[in-house]
Every structure is written in C-alpha cells, then in structure tokens.
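**Student:** Residues per chain, in single letters:
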Amino acid sequence: MKKYLSTFRMRWKMETQYRGAAIGGIVCQMVFGLILISVYRALYQGNPQSMPLSAIVTYVWLQQAFFRMLLSSDNDLMDKIRTGGIAYEMCRPVNLYGYYYARIMAMKLTGSLLRAIPMLIVASLLPEGWGIGAPTSLPALLLSLLGLTMGLFCMCALENITMGITMRTIDFKGFQALLNLLMATFSGNILPLTLFPDSWQPIVKLLPYAQLLDAPIRIYTGETPVAQAGEVFLIQGAWLCIFVALGLFLWHRNTKKMIVQGG
Amino acid sequence: MNTIKLYLHSMKMLLKSQLQYPWSFCLQTIAQIVMEGGEMMAVLLIVNRFQSLNQWTGGDLLFFFGIMSITFYLTECFGRGITGNFAALIRSGNLDTFFLRPRGIMTQVICHAIDPRRIGCIAVGVAALVIGSNQSRVIWTMPKIFLFTEAVLFGMLLILGLFLIEAVFAVHSVKSIELVNAVTYGGRSACQYPIDAFPGPLRVLFGTLAPFGLVLQVPSAVILDKPLMGIDGAWAFLCPLAGVLFFAIMYFVFQKAMKFYRSTGS
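Each protein sequence line maps, in turn, to chains A and B. The numbering used here puts the first sequence at residues 2 to 264. The numbering used here puts the second sequence at residues 253 to 518.
Quick caveat, the hints were computed from the structure, so don't treat them as lab data.
Far from chain B, by Cβ distances over 10 Å, these chain A residues were calculated:
hint, residue
1, Met2
2, Tyr5
3, Asn76
4, Asp80
5, Lys81
6, Arg93
7, Leu97
8, Pro119
9, Pro136
10, Leu143
11, Gly165
12, Lys206
13, Glu232
14, Arg254
Per label pair, the in silico range of CB-to-CB distance:
hint, chain 1, residue 1, chain 2, residue 2, range
15, A, Met52, B, Tyr259, 48 to 54 Å
16, B, Pro453, A, Gly231, 41 to 47 Å
17, B, Phe489, A, Pro226, 53 to 59 Å
Idealized CB from N, CA, C, for every residue including glycine.
Whenever a hint applies, use it, and build me the whole structure from the sequences.
**Tutor:** Now the structure itself:
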C-alpha cells in the first residue's frame, strides 16, 4: 500500500507545479459557469419549474468546479505504449493497475481541488441567484463529500478500463473518444441531469456516468434526501466493483500478451 | 490566385494522408457526430422542458444552435492550422522552417493542417438548422440565403481571428492560453443561445468585443423575422462585416507578433 501512496504523492507534487495554468483555467471555467447560469435564468423567467432555480445554479457551479475530475487522462502511459517504454514499467515491483490507479487519482484530485477550492469560494460570494447555495444540512454536506470520494474512485476505475482497451491498439484517439462520448452528456456537464425529462430520471440516475458528479451533487442540493443516501452509495459501490474487476481483468490479460517492439 | 491554388493543393494532400487510416477516421468521425449530437440533445431537452426562451421558440433555438455549430466547425475543419495547437508549432520549432520559405507565414500556417473529421459536427449542425427552420416556418428568399451565407463566411473569419489571439499569446509565451478559451469555446457555448438571454457584461463581450452577436445572431434573427436589438433591413447585411474587421485587426497584430518571434532554438 505504501508504494501506491508514494506514487500518489509524487504525482500530486508534479501536478501542483502548474499554478499559472490553473488560474487561467479557473477564470475560463467561471465564464462557462456564468454563461450557463444566465441561460437557465432566462429560461426560468417565462417558465417556472418545480425545481427551484437556486438548485440548478448550485448544480452548475459544482459541475464546473469539479470538471477536471471528469476530463483529464494520463497521456504518459499512451506515449509509453507507443514508444515501448512500457517494458520498463513492467519491471517495477508493483501491480501495474494499482500503480496507474494511484497516478490517475493524484492527477484528477490535484487538478480538480486546485481549481475547485478557489472557484467555490468566488462562487459563494456571488449575489443571490448567481452564486452557489449552501447545502441543505450538515449531514447532507458530509454525505455528499463521501459520495464525491466514491465518485472519484469510480472515475479512476473507469479511466483504467479506457486505458486497458486502448493498450491493445496503437492509435488511441478513436477509442478514447468513443468511450468518453457519452460522458459529457450523461454526467450532467452539458445539461444538469435534473433537467432531463422526468420519465428518464430512473434510468439516467443508474448509469455509471451519473455516479461521478451527479449523485453527490444531488445529495448536496437535497434532491436526494439524506435518508436515501445509502441507496446512492450502494449503486456507486456496485459500479466501482464492476469497473475495478473489469479493469483488473483487462490489465492482467494485456500484461500477459504484451509484445514490445525493439527500438 | 497562386495562394488559393496552393491552399487547395495542400488540403487535398492532407485529406489523402488522413484517409490512409480509414477505420480510425470513421471511428473518429462517428465520435464527433455523437459528441455534437449530445449538445443538440441538450437543446432539444431544454425545449422539451421550457418550451421557449424569451420570445424565441424551440425552432428558433435550434436555428441558433445550427448556425453556430456549422460556422464553428467549418472553421475548425479548414482553419485547423490556427485553431489547432499553434503553441505546439512554436514549441517544436516547426514554425522556424516557415520563415525560410518564399510564402507568407499565415498562408503556411493555414495550409499545414486540416480536420476533416469535423464533417460529423457540421452534419449535426445542418440537421439542427433544417429542423429549426422548418419548425419556425422560415421562408427562404434570395436575400435570406445571401444573408445566411454572408453570416457563416464572416463568422468563420471572426472565429479565426479569435484563435489568432491565442497564437499571439503563444508567441509572447504568455502561459494563460486556457484563458483565451473563454472567448473562443465560451463564445460558441454562449452564442448557440440568442444573446438577449445574457446580462449586460456578457452581452457586451459576445455582442461587440467578440462580435458573435453582430456577425451570426443579427442575421439569424432577421432570417427568423424577429429582429434582434432592432436591427433590420440593410443594416443587417452590414453587421457581419464586424467579423471581417475583427479578423483584419488580429491579422495585423499577428504579423506584428511574427516580427517579435524568437525561435525556441530546438
């Protein structure tokens, strides 16, 4: 376990080097958030909905703040597969799956925390109707943090499956794009999942992409009552087990069949 | 004339080289269709839930979405040299070789890349536009077709101009390239909705500073017979010229930046 933790720590240090880029990213993401909120505000003006506008605004901010958790992947490994550097990785006395799991987690966690914390501070200072709302209760906040952690674990496991598949092909862009296709739509990044038609909700909520950010956000805004949080964690846990099992299987088979071209 | 011939020739060559991997090309094009389809689905779901945005009906919203994605992805397709990764061109030192050849830098930058996979996104945009103009019962007359073509062409110039900001930043090695995304990709996200949905500062930003409003939305509104900001008639034909002006200014700034350019030396 210790070696995976130190892998994580190393990546964490590397990722925090680029603070300048992070500031640019934060401003950009905030503009995106404001654009989306303006659109929903204008939509709400003529057509009030059962769900309060403040819940949508909070949803948008949380999505924007943790955007980096969804969209960042480890290109180093892809390069190593193409150049044959993967052979050295196989020599390490670690489980390759665990090693890359720790790396990707550090990447996603630093990338998103570095952006999320300042963004959420600014978003909470914005005037009523523009800024992020407070969580419904203290338990809701704590449970949503737990849900977010579970979501992060799911996300990393999902990323490792993508890599497991791309490892088998040299050209990775096509597959990566195909696997991440539905991510933006069904994670609630383009349009909050809460605004999807009511008849779709039961299915949309069960999909793996909803477990990453949507599920914890719903606990935060009170859309999912605290009493039902247990069910959410159960769904997240089930997906996590499936993802990790599938990922381990793929990586195990890949390392058995690996052919490295000399160079 | 020679430049245009050169551009067409390099487009042909680049297309050929991309089609060398037909399987990968198809997969990526399909991916583009589904990705842009997701964006279109968001608009459809919004219409399904809210019916309208101010005075704009569902059909109008699809029309705005369509013209935006057609314009944006046509630019990404043919202007990939600029909208792609200009910073990488500098970092790798490839830009240096452009200075040795007897052609303009801008010509060579535009000629060196193409992204034909964007045809998937453009197809989705066309579909949205057709559905939207049917639902809003647009009667396409000659002036309207002319206005539409003008808006798309000058809109492409505007988007190229916006991406040139990023290129200029890269020359001066300002490390906030992500910041420029707020006006390029942010402009696309914002202006796929009619601009009067936005509060003052954003309306000024995307209406006049990065004039998506003047170039794309005023013509769209006239085509939909619901003039935006009271601009109608001959004025509507003049508004898209803002895109030409924007590009001209950025072209000038880019040429200045090229004078300043120092190689990375690798």
